[in-house]
Amino acid sequence: MLRGFWLAIGLLLLSASVAAEDDVQFVVVADPYIELHTGPGSGYPITQIIERGQQVGILKRRTDWFKVSSPDGREGWASREQMQLTLQPSGKPADFPDAGREAFDKRRWEWGLLAGDFGGATAYTGFGSYRFSRHLAIELNASQILGNFSDGYGLSANIVHTFVPEWRASPFFSLGTGIIHIEPKASLAQTPDRDDQTAIVGVGVSSYLSRRFIVRLEYKSYVVLSNRNENEDVDEWKAGFAIFF
Amino acid sequence: MESRIRNIFLNIAGVLASLSLGVANVSAQESGAAPEVINPAVERRDIDVAAIDTEDFEITGFVGLMSVEDFETNLVYGARLGYHISESFFAQASYGRTEVGTSSFEKLGGGAELLSNRDLAYYDLSLAYNLFPGEVFIGSKHALNSVVYVIGGLGSTDFAEDNHFTINFGFGVKVLPTDYLSVSFDVRDYMFDIDITGENKTTHNLQGTLSIGYFF
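Top line first, the protein sequences correspond to chains W and H. Heads up, the final residue of the first sequence is numbered 245 in my numbering, and it's a clean run with no missing numbers. Heads up, the final residue of the second sequence is numbered 216 in my numbering, and it's a clean run with no missing numbers.
Derived from the structure by calculation, the hints contain no laboratory data. Be careful, since some hints might not be right.
[To be verified] Listed next, with one range per pair, are the computed distances between beta-carbon atoms: (1) H:Glu99 x W:Ser133: 46 to 52 Å; (2) W:Ala115 x H:Tyr129: 17 to 23 Å; (3) H:Thr102 x W:Asp195: 33 to 39 Å; (4) W:Ser226 x H:Ala79: 56 to 62 Å; (5) H:Lys141 x W:Gly57: 40 to 46 Å.
[Stated by the list, open to error] A short list of chain H residues far from chain W (calculated; beta carbon distances all over 10 Å): (6) Asp46; (7) Ile59; (8) Asn74; (9) Ala91; (10) Leu114; (11) Pro133; (12) Ser140; (13) Val147; (14) Asn163; (15) Phe169; (16) Pro177; (17) Val187; (18) Asp189.
We treat Cβ as the ideally placed atom computed from N, Cα and C, and that holds for glycine.
With these hints in hand, go ahead and build the complete structure from the sequences.
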């Protein structure tokens, strides 16, 4: 039984590695040589080189590092900057784009975390946003609220409009709706949990920082549509980071 | 008459047969010559960067010990998901659980229970910086890649019927036996405020874990 399991695992790994072998792509070294590090980072030592004219197979990529192999079996990690100096089989220079400003302009997805103040309580928001045009994005927010007197959760969907996407610090406006769940602390007088709908208006600034990072600052005004006599207004201030794809 | 017609047909068949053989010969020659003619064209395809296998995500399972202030040191276990942003930075989401022991108040108090539920669960979202990349050596023949990282972040701890705003920071040592497997030893301090022992205080809850990760 156990042997069968390990056999299955072995076969799976074998088939995975065979599949990986099939789609290896090649470039040709154009500089006098490229340096191979032992790991995917400039801090790892350089132990080998591949000389000019040699074919380099690209096995995998981690961040801006490429694991490559030469026909005689040398393997190591080359930086994107070095790979940029190789030639494609057609003779054209190879281009491995940087996750930089250009990629930022073409981004579709953003994932981030904001932390800040929600009506006097500490709050976190995790968000995922999908940009379907240069100016417009749809965004889902999930928040946790940690207060002195009550805790809670919030979920909301928002439409985000970025006025001038080409500015480095780019202002945006958002409009959304969601639900909020508030639980008063157990140690305080018994008041029931509440689930209310929210309407949310927000403004903020998001800015490309470097590489895959975006920094973001926002203010949101919540109207909590409670079933009590009056609706509640809550101010929220948050700052945080996002990564984009 | 009949024989002449048959001869004609036979001749036609013969010509057709020789033609088709000839064609077969030619195509055999062509396929013989093919490697020189066709292969360079196949190899001349341009690099498709999107098709390169990227391994920026790392999923990790961990077990370890967590010392929950006033409530003894206990087994903790959980999972982490990391995203490697650059060679220096990675972001990581963690979820962990432990069951806390008894406080000295509960031991000495003769059956008085401070907690109705002894489970503690936390999550955090943290950012780590790969401080010291390098290698570890096993004997004289094996070198494994390694890295020492510092990590810190925010999260929430569900403990004593309440959620507590939690800050964590710490460091870890990661060793990579292969490109896609990692083994880490991670030490972190999870700090949150709690008033269960009679005063509102900031507790330091130290956690040491051993984990195995897989890059994908």
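*Failing hints, ascending?*
4, 5, 6, 9, 11, 13 and 14
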